[in-house]
Structures are given as C-alpha cells and as structure tokens.
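Asks: Chain by chain, the residues run as shown.
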Amino acid sequence: MTAPVVVAVVAAVYIALAMLSGALAQEATDAWSVWLATPFTLGALLVAPRARWLAVLGGAAIGAAVFSWLIDPGRIAWASGYAVIEVLSAIAGVFAARTVAPVPLALERPRDVAALVVAALAMAIVGGAVGAGWTAATHSGPVAATFWVWTIANLVGALLVAPVVVTWARFRAKRSGGLTMPLFAAGAIACLLFLGSLQLLFGPQAFGKAGGTVGPTLTYPPILFMAIVALTWGGRGASLTALAGALIALFNTAHGSGPFAAVESFAGEANLEVQGYASVVALTGLLIAALSARERTLWREARDWRTRFEAAIGAHRLVAYEWDPASGALAMTGDTVPLVGVPASGIATLADWLAHVAPAERDATQTAFALRADGGAVTTLAYSVQRGDGTAVALTDEAQAIRDHDGTLHRITGIVRAA
Amino acid sequence: MTIADATAVAATTGASTEAAPPVAEGRQAPDGVFLIHGLGGTQYDLGSMHKRLKNAGFVTHSLTLPGHGTTPEDLVRVTAEDWIDAVVAKYREVRDLHPTLHLMGMCMGALLAAALAQREGHAKGRLVLLAPPVYIDGWATPWYRDLRPLLYAVPGLRQRMKVEEEEPYGIKNEQLRAIVKAKFERGENFHYRWVPLECLRQVDRLRAVVMKGASKITCPTLVVHAREDELTSLRSANFLVEKIGGGRARMVVLEDSYHMICVDNDREIVARNVLEFFGAAMPGATSILANEPKMSAEDLRAAVASLVECLGRGDFEAVRALGIPDLAWVQPGTNRVAGAHAGKSMGAFAGRMAHADSGAPRFTAFGTPAFNRGIALVPTTLVARREGGALESQGALLGAWHAGRLLEVRWFPDDVEREDAFFGPPDPAAGGPSGLEQEFETATAESRTLKHAPGNDELLALYSLYKQASAGDVVGERPGALDMIARAKFDAWAKRKGTPRDEAMRGYVALVKDLKARDTAKA
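The listed protein sequences correspond, in order, to chains A and B. Each residue of the first sequence is one higher than the last, beginning at 1 in the working numbering. Each residue of the second sequence is one higher than the last, beginning at 1001 in the working numbering.
Think of the hints as simulated: they come from the structure by calculation, not from any bench. Each hint should be verified, as a subset may be incorrect.
Examples of chain B residues lying across from chain A (beta carbon under 10 Å, computed) [claimed, not checked]:
| hint | residue |
| --- | --- |
| 1 | 1141 |
| 2 | 1142 |
| 3 | 1150 |
| 4 | 1151 |
| 5 | 1169 |
| 6 | 1175 |
| 7 | 1179 |
| 8 | 1204 |
| 9 | 1230 |
Computed cross-link-like contacts, DSSO-like style, restricted to lysine-lysine with a CA-CA straight-line distance of at most 30 Å [said to hold, decoys possible]:
| hint | chain 1 | residue 1 | chain 2 | residue 2 |
| --- | --- | --- | --- | --- |
| 10 | B | 1124 | B | 1051 |
| 11 | A | 174 | B | 1124 |
| 12 | A | 174 | B | 1183 |
| 13 | A | 174 | B | 1162 |
| 14 | B | 1181 | A | 174 |
Chain B regions said to be covered by chain A (calculated; three or more residues, Cβ under 8 Å) [unchecked claim]:
| hint | stretch |
| --- | --- |
| 15 | 1129-1140 |
| 16 | 1157-1164 |
These figures come from a predicted structure and were not determined experimentally. Each residue gets a CB set at the ideal place from its N, CA and C atoms; glycine is no exception.
Required output: the full structure, derived from the provided sequences and hints.
Replies: Right under this line is the structure:
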C-alpha cells in the first residue's frame, strides 16, 4: 500500500471504530465503555514497518480530527488538540511495547502478549492523563472522571482491537498448510458456543437477569469456550472471537441487560465489571494462543533438529544408539535395514540387537557390552551382524560413556557403521 | 531467446524434448511420452520420471506452461485456455514422431493431460494422471478454500491477492521437505513461492472442463493418487476412474506420500507403476514376459544375431550399444565379475571383462536359439584365457528385447564354481562408487544449487564434461542448423571425444568447484 492509501485507510477505519465506540456507550450515563479507535492506531503501529509509521499516525490524526469535528462541529482547536492527544498516546504505546519485545509484534510468544499489555497500559494512561490535563486546562468537565473513563475505555479497547490488527496483518492466503479443516470445525463449534452463550447471558433474556450470584457465575463457561477457540484457531481466531464476544457483552450491558447490569450497587459498577470481563476474556485467549504457538514453534525446532541429525548420520551411513545398561533399553537412530534387515523402531533392547549379531560372535559381543556397562574401556568393537537373507555385514561400533557428576555411569552412546 | 537463455532454461528446467536415442536403420522409432508439470512448478514436479522414462528407452517431451519459468506475476494474464492451447500445440508437434505417444501430467498438469486427451481424442498411447486435483479438498487445504468464488467477484482482488505455498509443501518425507524448504529460502526458481488468486480461478475453470469431459477419455488411463494427499483427496481419483470407466481406467493408491508423489516416499512405486503401465522396457525376468515385445520374429532373430556377433568378439561395450540405457547384465557366481550390472554399472562391467586380468572372456560355440515373445535362449560357451589358466564354461544366455532394443542378458553357466575359481573372489571395493565417482555425484548435485546462471561457454563445458563422464563418447547424429541449442550441445560433447571417463569427471568436478566459489563470492 502506498502512503496516501495507508493514510486514507487508517483515517476511515478510525472514524468507523470511533462511531462504533459511541454506539457502545452507556445508555444511562453516556459514559464510554470501550474506545476502539486509538487501539486500532496502536495495532497498526505494532505491525507496520517504521517507514510507514508517519502515514499511520497521519491517518489517525485526520480520523481523530474529523471525528471530533463531527461530534462537536466548529471547534477547530478541539479537533486539533484531540488529534494530537490520539497521536501522542499511540506513540507512547508503541515505544512502551519496544521495551518488552521487538516490534513488529507477532503475538506468538507470551513475551509478545506482555508487550501488548504494556503498550495498552502506556497508551491508555498517556491518553487519559493528557486528556484529563486538557479538560482541566479548558475547564470542560470533571478531571478525575475524564482520566478514569478515558484510561479504562482505551485499555479495554487496546486489548480487544490491537490483537486483531496484529494477528490479521500477518494473514496470507495459502494453497495448503496452516489450519486444517478438522481444527477449523472444532474452533468454529467453540466459537459459536462462546458467542451464543454470551448472547444468551447478556441479551435481554431470562438468563441474563438471574439474580444473586447466578448471573455473574454463568459468565465463566464462555471463558472455557474461548480457551478452545484459542487452542484450535490460534491468535487470529481468538482475537477476533474475543472482540465479537466483548462487543456483545458491552453493548447489552450498556443497554441495561446482562448479569452485571442486573445488580448495580453504585453508578457505573456494571460498566466497570463488563470492562473487566471483556479484558479477562481477551487476555485469556491471547495467552493461550501465544503458549500454543510457542509450543508449535518448539515442536518445529525439535523436528528440524531431528531431521538435520538424521540427514547427517544417514549421509555417512551411520547408526547411532543410546543404551541404558540399567534397564537394557536401546534407542537406535538411523537406517538399520541395510545392516540387519529390520528398522530401528524394531530394536528396543540390547537383546534385540544382539539377536542380529552373528551367532559365532554373539557371546563375545555381549561380554564386551557388559564390560562397557561395568565401566570397562571397551570403546571400539568389531563384530558382524546378519541380515534376514543370511548374509553377514561386518561392523565397527564406537561408544562412549555418559556419566553423572560423581562419575556414575548413566548411558552408553555409540555409533555403528559398516566396516 | 538467445542460446545462453535457452541453454540456461534447458539446464534448469529440462529441455523440452530430450534427444532421442539413435535409431538404427530399419529399426522402429522409439515410443514417446509427453510430460506436463503442475501449477507454479517446473519439471522438478515430475521428479526423476524424465530420466526413468528415458532410461527405459522412451523419448520424453515437455514444455514450460505459459506464465511459468519466470515470475508469479506473469500468471495473472494467463487463462486456462492458454494452458490447454499450449499443450495441444506441443502434442500436435510431437504426435507423429512416434508410433506410440503417451501422456502424463502431475497435479494441474494431470488436469491438462486429461483435457488434452478429451480434446484430441487421444488414442495413440496411454494416459497417466498423477495426483489430479479434480477436487480441492485435501486434509491441509485451508478453511477458507470454499470462499474463493466470493473473492473472485471482488474487483481487482484476483490480480493482487497472493496465494502462498507453505509446509508441508506436498511432501511427507521430512528430509526431502527440508531440502524443498531450503530451496524456497534460497529463492531457487524450481517452483513459484506463490500464485495469484486469478490463477486459482483458472485452475477451477480447468477443473470444470475436466469434470465435464472426463467420460470422453477413451484411452487406457492410470490414476496415481496418495491417500494422504494434503491438497486433493482420493475423491478426485475415484471421480476420474468412475467417469472414464473401470474397463479403461485403473487407480494406484499410495500409502506413504503427500501430494508431490514423484518426489516423495513412494516415488519408486510411482515410477514402477508408470513404466509398467506404459509397457516399458523394464529389466527383470518377471516383467520381460509381461511386456509386449513389439518385435516380429524376424526382428528378434536379427537382434539375437547382433548380440551373438558382439559376444563372439568379446565386445561387451558393443553389447551396451544394442540396449536401452538401463541395460542389465546378470552374471552369476561369487567372483569379481559376478553381479547384476545395470545402467552405468554395465559400463564398468564391460571394462572389467575387457581387462587382461579377466582373460578377455568371449562367448563361442553358439547353439540354436529358442524364442518366446521378446526372449531368446542361446546355448553357448564362455571362454577366457590368461597366463596360468583358462576357462571353458558351458551354459545358456537368456536375452530379452523390446522394440528392437536389448533389455537384459542373463548368463546361466552349468558350473558356477568353475567361473568363481577362474575369475577369483570379488573385489570388496568393486561394488561401491570410487572416490572420484562420489566427488562427481556430489558435484552434479552442487551444480543444481548455483544461484547465478553460468555463462554460455561454461554451461556448454558443464554439459559436455557431464555427458562424456556419464555416457562416454558422443553418439547420434548432429542436430540440424535450425536447432541451434541442441547443435551447440552436441558439438561441445563431440569435442570431448576420446577423453577418458576419469579425466572428464575430474574436469567436471573442478569446473563445478570453480563456479561454486564464484557463486559464493557474488553472494
């Protein structure tokens, strides 16, 4: 995308999300539950190359000024000031994230999730503080209330919107690979259960109006569904599902329904509770998805390492083994078929291996292994094994002992090759 | 295209038509196979099929499909009709060059081969469809696969949206997958990393053509498909076999591969089934009887006479010239000339038989041959003489021919131990490749990893040294002046005539090392 296109897209999305945020404001108090626009800017900065930051910030500034003008026409200074606050808070967020993890973020490690949370906090606090300062300077409203509403609405918004931007910015269509259909189906079921249960709970039905602690207690099961979505769909699906679910909860609570609105001991309590709930759901999904992604990364690294190792010993026609003298277990790696006619998976103990040694040499070989187990210095052996067709293959077997800190034998590891 | 360009393309993607083996006067022209690669791919998709078919005596033809061999962006403007027109044009170009022309395609190439067979009413040979993606429904296809018709409708998106390749790259074998992944990371031009969405739309259109007209395919057809194909399920193969008809079509299901069946774990099974299906000249006693010899009784008698004439002189190198590249000689016993010598090993065997240490063996006292289809059994005596000993071993030679070319010779002596005693125990090192041969093989593999295309002269030097080292002195007729590339390659090879094999291998290894060093310096 060229810079002007980036500016236009960011400005348009900013205005749309600002409008949506307005629609989610508390019906009774007109307090804003969640602010989605600045978090979009933050998300864009967290994934954009540095060369694009100016365009993103420019688009955000234009979007903020236009939105301010739309709700309060004719006040250029207000629009300009508001745009500056939005830009400053987004910059604060992205620089705070950089102190925890390098950007662009991928949200595939818990560290990235921590960086996102730090970014959200920094953006929310800076925005709230500067906004409150502006309010104080212009005597346009209650300063403390402005700070808290601004900060919390931005924080919740950042935990909902920024992950969507960060994860989906990396989306690339594939011919094959990635999320398989069975996993997608499992995630889709969990997603439907999550959204459906939230709608039942927060919608204007009997479930949402349950008195006492029943209503709030019923908000726990959807978190389980969120966890399944995160495990199956990963960060991309989890962030989008969390956003959709949060919008259901926030919208209904703002309009006086749902378990949090049923009992309110002080004005704004339901709003605060649903904000906390949405944040917890979003963070749960992100953390599980990040841990799951981290596990997949480690699995891939282990697989690549194994592939390299097998390629190396395969190229040299070696077979590697690890023998536990205490249990007799023998783990072999490499292609044993040319040597003994059976795959390595078919050899589980030293006895299995010795069964392939030529009968005339078997006793001597067994004795040599026993000497190794007793700490004897039999490092290199030469013996023959028999293939299934009866032909013999002469081998050399080089081994070394692995000992613990006090010299006790732990394992014998060795390399076998055709002589 | 300049010679340099064309030679480079030939070196990296395979020449469009592999030089036919020389056809002796009066001998029937060899059968041909037209191979079609897959979407975004090259001849790499087909693994070693070109080589296997060539070694079995076929002439292979291929083409680089429109939009391929350059950059993925070039696929945006290509339509399914362009691909079909290209394969039809190539088919018509080569159809009359052979008594039999088989069709074979991999992935989208299989769809094109099927469409070609439909359109041209192909009856001049057989049809092999490898992993045809009639349905895009494999286990690793993404969840949004069925949304693509919606995306096609979004203006401008078809041309801009990239659809990428990702693990497992159609390969189940992790070692091979690692190699393919490394090739992608190095940016090697063996397969596009992505294709535009528009391209998938054209494949969908091609799928519709094949689905609609599959029942019009009338030639014998083999469909080879992996059960675990991650891109397209067995449903595709079942569909085709059902539509073409069980009488004409049969299916081979692979159990240990993903989509790229010609390079994955089951590649040997694929090659064997394809060669058998084509009635190929395959060494091996069991397949010999199954093969249609495509020779008259007179042809067979003449072929036996040629073999007898060579063996009577003890000229085993001349026997090689009578056979397919994979010609096998089976010499029984436990001695230094015993073993099954096929392909390049046959050359080493011929050299060993000519050596003075072996007593310059030859066959004599040929009896009356017995014939059966492409097989002849000739009673004879193997004689050899060297200082301190002589051999006279009676027995029978079994020879097998296909379309005038020798496939295999088996020697059955009455007394194997007598031959063991004369020739002496096997040389332990004789079975494996020499150090120089190993270096040569390594250099051959390395030559394919060069990031920067060598110059025109270097490519020709590489080609000529390789051919001299692997096939010996130049054979065949010099190509015509219009075929500049083939002519330049032939001339370069001819200049090496008489160069010993070892010297050619050393030259090749040195040149590849030099190119590799310069390649690294440039990087």
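Asks: Each hint should be assessed against the structure and marked as holding or not.
Replies: Cross-check of the supplied hints:
no.: 1; hint: 1141; result: holds (5 Å)
no.: 2; hint: 1142; result: holds (5 Å)
no.: 3; hint: 1150; result: violated (13 Å)
no.: 4; hint: 1151; result: holds (8 Å)
no.: 5; hint: 1169; result: holds (8 Å)
no.: 6; hint: 1175; result: holds (5 Å)
no.: 7; hint: 1179; result: holds (9 Å)
no.: 8; hint: 1204; result: violated (13 Å)
no.: 9; hint: 1230; result: holds (5 Å)
no.: 10; hint: 1124/B x 1051/B; result: holds (22 Å)
no.: 11; hint: 174/A x 1124/B; result: violated (38 Å)
no.: 12; hint: 174/A x 1183/B; result: holds (18 Å)
no.: 13; hint: 174/A x 1162/B; result: holds (8 Å)
no.: 14; hint: 1181/B x 174/A; result: holds (15 Å)
no.: 15; hint: 1129-1140; result: holds (count 3)
no.: 16; hint: 1157-1164; result: holds (count 4)
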